[in-house]
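Chemist: Starting from two chains that each stand alone, build the complex the way the hints lay out.
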Amino acid sequence: MNRGNAFIFTLAITGLFFILPLLSGADMKGKTKEEQKDGIPKFFIPKAPASENFPCSKCHNYKPADKSKRKLVLYHTDIVFKHAGEQQWCYDCHDGDKLRLQNGQLVGFEKSYYLCGQCHGTVFRDWKAGIHGKRTGMWNGEKLYRLCVSCHDPHQPRFKPLEPKQRPMKPQEIKLDRG
Amino acid sequence: MSKKIRSNPLGIELNRRTFLKGAAAGLAATVVRPAAAGAFNWDSFLQKHFREMNDAEIKKVIGRLEKEAAVEWKKNIHIGTAKAMPGVKFGYGLDLSRCIGCRRCVYACVDENNQSRTPQVHWITVLRFKKGEKWIDLENSEKYYSPKQVPEKDFFYMPVQCQQCENPPCVKACPTQATWKEPDGIVVIDYNWCIGCRYCMAACPYGARRFNWAKPNIPADEINPETHYLGNRPRYKGVVEKCTFCIQRTRAGKYPACVEVCPVGARKFGNLLDPKSEIRYLIENKRVFRLKEDMNTNPKFYYFFATNITQAD
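In order, the protein sequence lines correspond to chains V and E.
Under the numbering used here, the first residue of the first sequence carries the number 1, and numbering increases by one thereafter.
Under the numbering used here, the first residue of the second sequence carries the number 1, and numbering increases by one thereafter.
Among these hints, one or two may not hold up.
In silico PhoX-like links for lysine-lysine, alpha-carbon gap of 25 Å or less [stated by the list, open to error]:
{"no.": "1", "chain 1": "V", "residue 1": "Lys170", "chain 2": "E", "residue 2": "Lys237"}
{"no.": "2", "chain 1": "V", "residue 1": "Lys170", "chain 2": "V", "residue 2": "Lys111"}
{"no.": "3", "chain 1": "V", "residue 1": "Lys143", "chain 2": "E", "residue 2": "Lys60"}
{"no.": "4", "chain 1": "E", "residue 1": "Lys143", "chain 2": "V", "residue 2": "Lys160"}
{"no.": "5", "chain 1": "V", "residue 1": "Lys160", "chain 2": "V", "residue 2": "Lys170"}
{"no.": "6", "chain 1": "E", "residue 1": "Lys131", "chain 2": "V", "residue 2": "Lys165"}
FYI, nobody ran anything at the bench for these hints, they're computed from the structure.
Looking at chain E on its own, in the form it has when it is part of the complex (with noise of 0.2 Å):
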C-alpha cells in the first residue's frame, strides 16, 4: 500500500493509491518528505480529472506543469491541450505488401515522442515473419532481427502499435480512470493520473502499452519541446505509455511522424469519417484486416496488402 511508485519534480513523493481510498483519508497517508514539505504543493496533489476540468482549470494546471517540467527537463516544454476536431474518428491503414522491416518508424516516433532512451522504450514494433508460416499468431515472430539489409528475401515484416480500439480492453481494465477514448478515437493516458498498477498492458491484447520502470533517460538536445498534455509530454518514472497517433501533431492536421518518415510509403493516416480519405479510399479498394478480430477490440488501425502477389501492376 506504502510503495512509493513516483516523486514528482519539487521532490514531493507522492503516492496516487492513497488517492483512492478518498481524498480524507489519503491526505492523512500522504507521504510527504519532511525536507520537501514546504515545497508541496497541493494543487498537484489535488489535480481534477483532464475531462472534468475547464478550460480556466486547464491553463491553469498546464502552467504548473510547464513550470515543473522547465526544471525537470532543464528547457522549456510547450504542453498543448488541443481538443479533438469535430466530425473527426483517426483511422490508420499499413500496407504489409511494401513495409520491409527498416524500423525507421519506431526510432522516428521515439524522437517525436520522448520516448525513454535507457532503459528503451518503443513504441512501436517491428514484427519478422517468414513467409508461407502460420504468421498471424503474434508469438511465432522474431523482432530481433538485424540483417545487414532488408528486405530479406522469405520473410515479411508487421509493425505492430497500440490499434486505438473503438472497444479498448485497456480502458475497461483501468481502476483509476487515468486512461480513455477520446472522441476522435485516439485512445490517451493522463500521466498525471496514472498510478502504474498496469492492469491496463495485462488487458491490451497488442503488448501495445509500455511501462517506466525508472525516470525516462532522454538527452536534453533530443527533447522534442512540443507536446501535449494527452501524448509525447515528459513521462514519470512509473507510468503507462503507448501510441498516441501523435496526437500533438494529428490534432494539429499534420501526419503522424512514422508515416512521415516511412521510405516506402506502407503507413496511410486519415479521417474515416471523411468519404474522401485515403484511409476510407484503402478501406474500400484493398484487401483489409485488423489483428485479432474476433476479441471484438475494434481496431482503427487497418493492415492492407495494395498489391496482390500475381498481379503485374
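For reference, chain V alone in the conformation it holds in the complex (with noise of 0.2 Å):
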C-alpha cells in the first residue's frame, strides 16, 4: 500500500470509528461514557496553547474568512505549513475558537487528538494504549498523557532536534580518586 492509498483507508476506518462518539457529546466537561469506551484517557498534560493567540475569535470576528492557500504576511507569519499540505489547509482543521473534524464536527483545542487521529490511525490506537507518546504517573493506577500537540506542531509535526546530554566519559579521562 503506498502513502495515498493507505491514508484513504484509514480515513475510511477511523471516520466509522469516530462518528459515534463525537456525535454523543464531545463537547461535554470531563471524560463522558463514549470515551471511555473509546478508550480516551482520563489526565493529560497538555502543552499550553500560545497564549496570545487566544481566543481566535478576537480578531476573527472582525475579518471574514479566507480559504484561499497563501503565504500568510499579515499575522501568523511564524506559522510555516509543513504537513500533508497537498491535502490539507487552515480550514480542513479550524473554525472559529474550535477545531473542526473531517465530518463537520467541532471539537476543543483540549480535544485535537480526535483531528489526528482522523489520519493516523494507528499511532492514534497505540497512543491510547499508551505505546505512542508518552505516560506518566503509575503503571498500576492513574497516568498522564501528553497530547498529540505536546510534542508535534501540528502545522509542522516531526518531532523536533535536540541537543544530546553530554556523552560518558573514556576511559582513560577517568580520574581514580583512590582514597
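Modeler: Next up, the structure:
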C-alpha cells in the first residue's frame, strides 16, 4: 500500500470509528461515557497553546475567513505549514475557536487528538494503549498522557531535534580518586 | 587474601572474603584497626542474608544502615525494604523506531539512583549504529557520539541497561549469593554482601554491571534520599551495581525514572502478568526482539519497532 492509499484507507476506518463517540457529547466536561468506551485516557498534560493568539475570535470576528491557500504576511507569519500540504489547509482543521473534524464536527483545542486520529489511525490506537507518546504517573494506577500537540507542532509535525546530553567519559578521562 | 576491599562508614575495615572461610576463622582473621576497635560494629559484620532475615531483623539492620548513611553522607537517607507485589512480574519495552539518542535517560537514572559522578558510573549506555550496518553485535557501535543535535541522519540509537534476565548468568556466577532474582523479576544486589570479585560482570552478556572503583562521589544536595535497600541506597567502594528497574519507585507503583524523562516516549514499563498492561500490548502487537536471545538468558527487556518504515500512519 502506498501512502496515499493507506491514508484513504485509514480515513475510511477512522471515520466509522469516530462519528459515534463524537456525535454524542464530546463537548461535555470531563470524560464522557463514550470516551471511556473509546479508550480515551482520563488525564492530560496539555501543552498550553500559545496564549497571545487565544481566543482566535478576538480578531477573527472582525474579519471574514479567507480560505485561499497563500503565504500569510499580515499575521501568523511564524506558521510554516509542512504537513500533508497537498491534502489540507487551515480551515480543514480550524473553525472559529474550535477545531474542525472532517465530518463537520467541532471539538475544543483540548481534544485535538481526535483531529490527528482521523488520518493517523494506527498511531492514535497505539497512543491510547500507551505505546505511542508518553505516560507518566503510576504503572498500576492513574497515568498522565501527553497530547499529540505537546510533541508535534500540528503545522509542522516532525519531532524537533534535541541537543544530546554529554557523552560518557572515555576510560582514559576517568580520574580515580583512590582514597 | 587480605586485600582490603572497602571500609565501612564507621572507619572499620571489613573484609568480606574472610567471612567466606567460615565464621570462626573469618572473625579471627578480620583486620580491625586498633584505633577504631572500640567502635567496631559486630552487627554489621554478622548481618544475615537479606532474604533470611525476619521483619524485626530487617528493621534493625535498616536502622543501623540509615544511621551510618547519615554520618557518611551528611543527610537523612530513607532506606526502604518494600517487597515484591504478588502477581507482578516487571517487563520493559524500548521503541527503537522512536529513540533519538538524546541521553536524557542516562542522567535521569544517575540522579534518581545515586550513581557516582566522578568516577563516572552510568547504568544506561546509549549505543549508536549506522543504519544498514550489521548492528546487532554490540561491538559494532559507538557510545561516545556527540553531535550538536540528535537524531542524526543515517544513524539509530539503542540504549542498553540491565536486561533483567529470567535466567540471569550473573546470579549463577556470584560466589556469595549477593545477587539474586526477586519474585517480581528484578535482579538485585545486596551491597553489604557483595565482595567485589566482579565474576558477575564477566558473566553478564550485556555489559550491564558497574564496579565502584572508588567511593561514589555525589554532591550532598544531589543525593536522592528516597532509597531502597536493594536499589539506589548509596553504595560502598568495591561493590557492583546496576539498573534495578528503579525498584524504589516501581514497587511503589511509579514508573522508572528513565520512562518518565524520555522526551519521545520510547520507554514502556508494566506488569507482564497483566494482559491489559502496555507491555503486554506491545509484545502482542509490535515486532519485538530481545538482545542475544540465543544465549537463553530470557531477558524481560523488549526492544520493539512501533512503526514499520514503510507505513504512513
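Chemist: Kindly indicate which numbered hints from before are broken by the structure, ordering the numbers from low to high.
Modeler: 2, 3, 5
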